[in-house]
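A.B. asks: Sequence:
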Amino acid sequence: MAKNLQVRDLDEEVVAELKARAARSRQSLSAYAAQILTDAVARPTADDLRERLEALKAIGGGASREDILDEIRKMREA
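Under numbering that gives the first Met the number 0, the sequence shown is numbered contiguously, ending at residue 77.
None of these hints come from the bench; they were simulated from the model. A quick note: this is a predicted structure, and the numbers were derived from the prediction, not measured. All the given hints hold, so there is nothing to weed out.
Restraint-style ranges between C-beta atoms, simulated for each label pair:
#, residue 1, residue 2, range
1, Ala15, Leu48, 29 to 35 Å
2, Ile71, Arg20, 26 to 32 Å
3, Arg25, Met74, 25 to 31 Å
4, Ser63, Leu9, 39 to 45 Å
5, Leu28, Lys56, 42 to 48 Å
For each residue, glycine too, the CB sits at the ideal point set by N, CA and C.
Throw the hints in and build the complete structure from the sequences for me.
C.D. replies: Right under this line is the structure:
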């Protein structure tokens with residue numbers, strides 16, 4: 000079930016820019032903000048990246064530069 004979220008105390012300039020970007024993408028402000036938040040949650044956090052890199056090190060006794068870069072690419076594409 001969808002939930003509502005209210006964001007308080009945004010600068011007027013931020014709201015104006017969000018409205019402009021939403022209009023350019025032919026979306027409502029609400030839909031545009033929801034997409035930004037959804038995209039942000041889909042990306043791994045720095046802690047997630049650290050944990051996955053530590054797991055790689057444990058598997059192979061140390062991850063090579065290429066292994067690390069491959070893993071970062073996979074996480075960004077997911």
